[in-house]
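> For reference, the chains in residue letters:
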Amino acid sequence: MDEIINKQTLEKLAELARIEISGDKEKKLLKDLEGILEHFDELKEVDVSDVKLMSGAVELTNIFREDEPVKSETTAIDLIESFPEKEGRFLKVPPIFMNNE
Amino acid sequence: MNNELGIMDIHGLTIKKFHQGLVSKEFSAFEITKAFFDLVKSRDKEIGAYLRLSEDAALERAKIVDAELNSGSKLSILAGAPLAIKDNILIKGEKTTAASKILENYTASYDATVIKKLKNSGAVFLGKTNMDEFAMGSSTENSAFQKTKNPRDLERVPGGSSGGSAAAVVADMAVAALGSDTGGSIRQPANFCGVVGLKPTYGAVSRYGLIAMASSLDQIGPITKTVEDAAILFKEISGRDKFDATSVDLNPPASGEDELLNPNFEKIKKLKIGLPKEYFTAGLSKETENAVSETIKQLKNLGFEFKEISLPHTKYALSCYYIIMPAEVSANLARFDGIRYSRIHPHESVSNQHKSALSEIYLKQRGEGFGDEVKRRIILGTFVLSSGYYDAYYSKAQKVRQLIKQDFEKVFQEVDVILTPVSPTPAFKIGEKTRDPLQMYLEDIFTIPVNLAGLPAISIPTRTKGLPVGFQLIGKHFHEADILGIGQWYERN
Numbered sequence: 001m002d003e004i005i006n007k008q009t010l011e012k013l014a015e016l017a018r019i020e021i022s023g024d025k026e027k028k029l030l031k032d033l034e035g036i037l038e039h040f041d042e043l044k045e046v047d048v049s050d051v052k053l054m055s056g057a058v059e060l061t062n063i064f065r066e067d068e069p070v071k072s073e074t075t076a077i078d079l080i081e082s083f084p085e086k087e088g089r090f091l092k093v094p095p096i097f098m099n100n101e
Numbered sequence: 001m002n003n004e005l006g007i008m009d010i011h012g013l014t015i016k017k018f019h020q021g022l023v024s025k026e027f028s029a030f031e032i033t034k035a036f037f038d039l040v041k042s043r044d045k046e047i048g049a050y051l052r053l054s055e056d057a058a059l060e061r062a063k064i065v066d067a068e069l070n071s072g073s074k075l076s077i078l079a080g081a082p083l084a085i086k087d088n089i090l091i092k093g094e095k096t097t098a099a100s101k102i103l104e105n106y107t108a109s110y111d112a113t114v115i116k117k118l119k120n121s122g123a124v125f126l127g128k129t130n131m132d133e134f135a136m137g138s139s140t141e142n143s144a145f146q147k148t149k150n151p152r153d154l155e156r157v158p159g160g161s162s163g164g165s166a167a168a169v170v171a172d173m174a175v176a177a178l179g180s181d182t183g184g185s186i187r188q189p190a191n192f193c194g195v196v197g198l199k200p201t202y203g204a205v206s207r208y209g210l211i212a213m214a215s216s217l218d219q220i221g222p223i224t225k226t227v228e229d230a231a232i233l234f235k236e237i238s239g240r241d242k243f244d245a246t247s248v249d250l251n252p253p254a255s256g257e258d259e260l261l262n263p264n265f266e267k268i269k270k271l272k273i274g275l276p277k278e279y280f281t282a283g284l285s286k287e288t289e290n291a292v293s294e295t296i297k298q299l300k301n302l303g304f305e306f307k308e309i310s311l312p313h314t315k316y317a318l319s320c321y322y323i324i325m326p327a328e329v330s331a332n333l334a335r336f337d338g339i340r341y342s343r344i345h346p347h348e349s350v351s352n353q354h355k356s357a358l359s360e361i362y363l364k365q366r367g368e369g370f371g372d373e374v375k376r377r378i379i380l381g382t383f384v385l386s387s388g389y390y391d392a393y394y395s396k397a398q399k400v401r402q403l404i405k406q407d408f409e410k411v412f413q414e415v416d417v418i419l420t421p422v423s424p425t426p427a428f429k430i431g432e433k434t435r436d437p438l439q440m441y442l443e444d445i446f447t448i449p450v451n452l453a454g455l456p457a458i459s460i461p462t463r464t465k466g467l468p469v470g471f472q473l474i475g476k477h478f479h480e481a482d483i484l485g486i487g488q489w490y491e492r493n
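Chains A and B are the protein sequences, given in the same order. Take 1 as the starting number for the first sequence in this note's numbering and just add one per residue. Take 1 as the starting number for the second sequence in this note's numbering and just add one per residue.
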């Protein structure tokens, strides 16, 4: 049986998705994904040659509004408050550059 | 008015009965809210429906309702009603985690539109309910914090992902609840717990303030003890919201009558009901088949006309859904970077100067913060959207989705409503389906097509004895009144 997804692809995908996957979980994840992707094979039998791409389930119409500023009920303080770490009004984030001495 | 309210008083209490009791001063909103907390504190130890309670805020709100009533103001039907809210819906100033470790310490900075509407009606929020992490699952076993048990049989799951909300309602730990439904997450737990669950038409209810899972499929909806309550709660939360561009106002009926709350049953009885043969095949358990057939018989006796129909692309719905939904999940959950919202080891990540490259932080925070099912779906979504696979998977699935929607459009020229089972089996045992994700996904084969087509659907308990079994009514876009109308007629007869 052809494999659709291999260890290398999985590692690349995990890196792209910014998710660390521990070594012991990789094998199970690969097996699960393989099973799910095999299930998708049934879609091959559907003829979609005349079908247009669908973007949503319900017909939407354009809604226009005046281009005017509105006062938000959520204040800057609310947003700062919901941030995990802060000092005064400043948001505290981890240093993002590697410290190579 | 100082008589102690007990379990007897809140047993089976619906929104309707609660409102009658409140305005006739059988009890005060404060007393009843207290009685609910007393019950939750003892009963929820073995069920685990709630992640958090908000007793102070709830009692405060109840007092305001009592003061309004005593001053002679006319109260909304939801005033004082003690509700349970799924933990992916934002209530300002309260923790909202979507049952994920990555949001363990997040406090919402604004109210979801549905919450704002309910606050305006004077509703009381008892607490936030457990769910599968980010609404991904069909058993509430994927919560990062606790498992919820089915109050009807503690060895079984309550269904999911809105399992906490359904369990709270059936165990009388709330008068009603809100859930969210992306592929069956309101209807399937309602089915497993023996309560009513409504998934509104896509766009009928604002999604603003709902933590997004798959934005083209998600809808917020009510979980209640009666169909009548579902209509009451749905009416209150629906409508156009400027913060959700996909939301629309429901068309008011030409007659000017309130079709949702006071259905015209003479009109309702003339609705023709379709039975899709693809939903009554192998894989359906005997209990489910019998209970649903019995319901069809009862509805026939009530005068409804049935017609066999076909939805030929039904069998492809699961594959279609498990391509589109993870694709949207992978994009929506990119915002959880472990820097905003909540951090798992805040001090460690800042002080560890030697390993502080940005991608390192993301990998670690997301690797630790997300559970296995969430990771699986993000990886799957990243895969089906990646160059080289996009056409074979994502684009193909979007076309199949169109065919599934067209199937419904065609049959809705012959019938007004469709009746199907909700899930293949009644509630399964805890741990029974956790090993193989595909087994868990198959739970939703009868509920998924509705989300793909954006239709409204409701799960209503049948009258079967033993484990609860529900039936599903699917309506045309924005025809919630049809399915709620049939449901209310069934409920009364």
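I should point out that these hints are in silico values taken from the structure, not numbers from a laboratory. The structure displayed is predicted, hence computed values, not measured ones. Glycine residues also receive a C-beta, built at the ideal position from the N, C-alpha and C atoms. Watch out, some of these pointers could steer you wrong.
As the list claims (entries may be wrong) - Okay, the calculated beta carbon distance ranges per label pair:
hint, chain 1, residue 1, chain 2, residue 2, range
1, B, ALA57, A, THR74, 35 to 41 Å
2, B, ARG240, A, LEU79, 33 to 39 Å
3, B, LYS270, A, GLU15, 27 to 33 Å
4, B, GLU266, A, PHE64, 26 to 32 Å
5, A, SER49, B, ARG240, 36 to 42 Å
6, A, GLY35, B, GLN146, 27 to 33 Å
7, B, GLU491, A, GLU11, 38 to 44 Å
As the list claims (entries may be wrong) - When the alpha-carbon atoms are kept at most 27 Å apart in a straight line, the in silico DSSO-like pairs for lysine-lysine are as follows:
hint, chain 1, residue 1, chain 2, residue 2
8, B, LYS117, A, LYS52
9, B, LYS297, B, LYS476
10, A, LYS86, B, LYS95
11, B, LYS429, A, LYS25
12, B, LYS147, B, LYS433
13, B, LYS300, B, LYS101
14, A, LYS52, B, LYS119
15, B, LYS315, B, LYS45
16, B, LYS95, A, LYS71
17, A, LYS31, B, LYS429
18, B, LYS147, A, LYS25
19, B, LYS74, B, LYS117
20, B, LYS147, A, LYS7
21, A, LYS27, B, LYS119
22, B, LYS270, B, LYS307
23, B, LYS147, B, LYS25
24, B, LYS364, B, LYS101
25, B, LYS399, A, LYS44
26, B, LYS119, A, LYS71
27, B, LYS147, B, LYS117
28, B, LYS433, A, LYS52
29, A, LYS44, B, LYS410
30, B, LYS101, A, LYS12
31, B, LYS429, A, LYS28
32, A, LYS7, B, LYS433
33, B, LYS270, B, LYS315
34, A, LYS52, B, LYS101
35, A, LYS31, B, LYS34
36, A, LYS28, B, LYS95
37, B, LYS74, A, LYS28
38, B, LYS92, A, LYS44
39, B, LYS101, A, LYS92
> Hint by hint, note whether the structure agrees.
Hints, one by one, checked against the model:
1. Here the CB-CB span from B/ALA57 to A/THR74 is close to 19 Å, at odds with the stated 35 to 41 Å.
2. Our hint of 33 to 39 Å for B/ARG240 and A/LEU79 is violated, since their Cβ atoms are close to 26 Å apart.
3. A beta carbon spacing of about 59 Å between B/LYS270 and A/GLU15 contradicts the range 27 to 33 Å that was offered as a hint.
4. At about 40 Å, the beta-carbon gap between B/GLU266 and A/PHE64 misses the expected band of 26 to 32 Å.
5. Checked against the hint of 36 to 42 Å, the C-beta distance between A/SER49 and B/ARG240 comes to roughly 38 Å, which is consistent with it.
6. Checking the proposed 27 to 33 Å range against A/GLY35 and B/GLN146 shows it holds: the Cβ atoms sit about 28 Å from each other.
7. For the pair B/GLU491 and A/GLU11, the supplied restraint of 38 to 44 Å is violated, since their beta-carbon distance comes to about 54 Å.
8. A threshold of 27 Å between alpha carbons decides the hint, and for B/LYS117 with A/LYS52 the separation of about 38 Å lies outside it, so the pair is violated.
9. Between the alpha carbons of B/LYS297 and B/LYS476 the distance comes to roughly 23 Å, so the proposed pair stays at or under 27 Å and holds.
10. The suggested pairing of A/LYS86 with B/LYS95 holds, with an alpha-carbon distance near 18 Å, which does not exceed 27 Å.
11. Annotation: proposed proximity of B/LYS429 to A/LYS25 holds, straight-line Cα distance about 25 Å (limit 27 Å).
12. The suggested pairing of B/LYS147 with B/LYS433 holds, with an alpha-carbon distance near 14 Å, which does not exceed 27 Å.
13. Of the pairs offered as hints, the one joining B/LYS300 and B/LYS101 is violated, with about 49 Å between alpha carbons and a cut-off of 27 Å exceeded.
14. For the suggested pair A/LYS52 and B/LYS119, the alpha carbons sit about 43 Å apart, so the restraint of at most 27 Å is broken.
15. Only pairs whose Cα atoms come within 27 Å are accepted, and B/LYS315 paired with B/LYS45 is rejected, the gap being roughly 40 Å.
16. At most 27 Å may separate the alpha-carbon atoms for a hinted pair to count; B/LYS95 and A/LYS71 meet this at roughly 25 Å.
17. Note on A/LYS31 and B/LYS429: the hinted pairing holds, with a Cα-Cα distance of about 24 Å set against a maximum of 27 Å.
18. Proximity of B/LYS147 to A/LYS25 is assessed by CA-CA distance (about 22 Å); at most 27 Å being required, the pair is judged to hold.
19. Distance restraint check for B/LYS74 and B/LYS117: the Cα-Cα separation of roughly 17 Å lies within the 27 Å cut-off, and the hinted pair is therefore satisfied.
20. Restraint check for B/LYS147 and A/LYS7: not satisfied, since their Cα atoms lie roughly 32 Å apart, outside the 27 Å limit.
21. At roughly 48 Å between alpha-carbon atoms, A/LYS27 and B/LYS119 are farther apart than 27 Å, so this suggested pair is violated.
22. Only pairs whose Cα atoms come within 27 Å are accepted, and B/LYS270 paired with B/LYS307 is accepted, the gap being roughly 13 Å.
23. Proposed proximity of B/LYS147 and B/LYS25 is contradicted: the alpha carbons are some 38 Å apart, above 27 Å.
24. The hinted pair formed by B/LYS364 and B/LYS101 meets the criterion: a straight-line CA distance of about 13 Å does not exceed 27 Å.
25. With a C-alpha separation of about 12 Å, the suggested pair B/LYS399 and A/LYS44 falls inside the 27 Å cut-off, and the hint holds.
26. For the hint pairing B/LYS119 with A/LYS71, the CA-to-CA distance comes to about 21 Å; that is within 27 Å, so the pair holds.
27. A C-alpha spacing of about 30 Å is found between B/LYS147 and B/LYS117, which places the hinted pair above 27 Å, so the restraint is violated.
28. Under the criterion of a C-alpha separation no larger than 27 Å, the hint pairing B/LYS433 with A/LYS52 is inconsistent with the structure, at around 37 Å.
29. At most 27 Å may separate the alpha-carbon atoms for a hinted pair to count; A/LYS44 and B/LYS410 meet this at roughly 23 Å.
30. Proximity of B/LYS101 to A/LYS12 is assessed by CA-CA distance (about 24 Å); at most 27 Å being required, the pair is judged to hold.
31. At most 27 Å may separate the alpha-carbon atoms for a hinted pair to count; B/LYS429 and A/LYS28 meet this at roughly 23 Å.
32. Proximity of A/LYS7 to B/LYS433 is assessed by CA-CA distance (about 26 Å); at most 27 Å being required, the pair is judged to hold.
33. Between the alpha carbons of B/LYS270 and B/LYS315 the distance comes to roughly 30 Å, so the proposed pair goes past 27 Å and is violated.
34. Between A/LYS52 and B/LYS101 the CA atoms are separated by roughly 40 Å; this puts the pair beyond 27 Å, and the hint is violated.
35. A distance of roughly 50 Å separates the Cα atoms of A/LYS31 and B/LYS34; the hinted pair therefore is violated under the 27 Å criterion.
36. Note on A/LYS28 and B/LYS95: the hinted pairing is violated, with a Cα-Cα distance of about 33 Å set against a maximum of 27 Å.
37. The suggested pairing of B/LYS74 with A/LYS28 is violated, with an alpha-carbon distance near 59 Å, which exceeds 27 Å.
38. The suggested pairing of B/LYS92 with A/LYS44 is violated, with an alpha-carbon distance near 47 Å, which exceeds 27 Å.
39. Under the criterion of a C-alpha separation no larger than 27 Å, the hint pairing B/LYS101 with A/LYS92 is consistent with the structure, at around 20 Å.
Consistency with the previously given hints fails for numbers 1, 2, 3, 4, 7, 8, 13, 14, 15, 20, 21, 23, 27, 28, 33, 34, 35, 36, 37, 38, ordered from lowest to highest.
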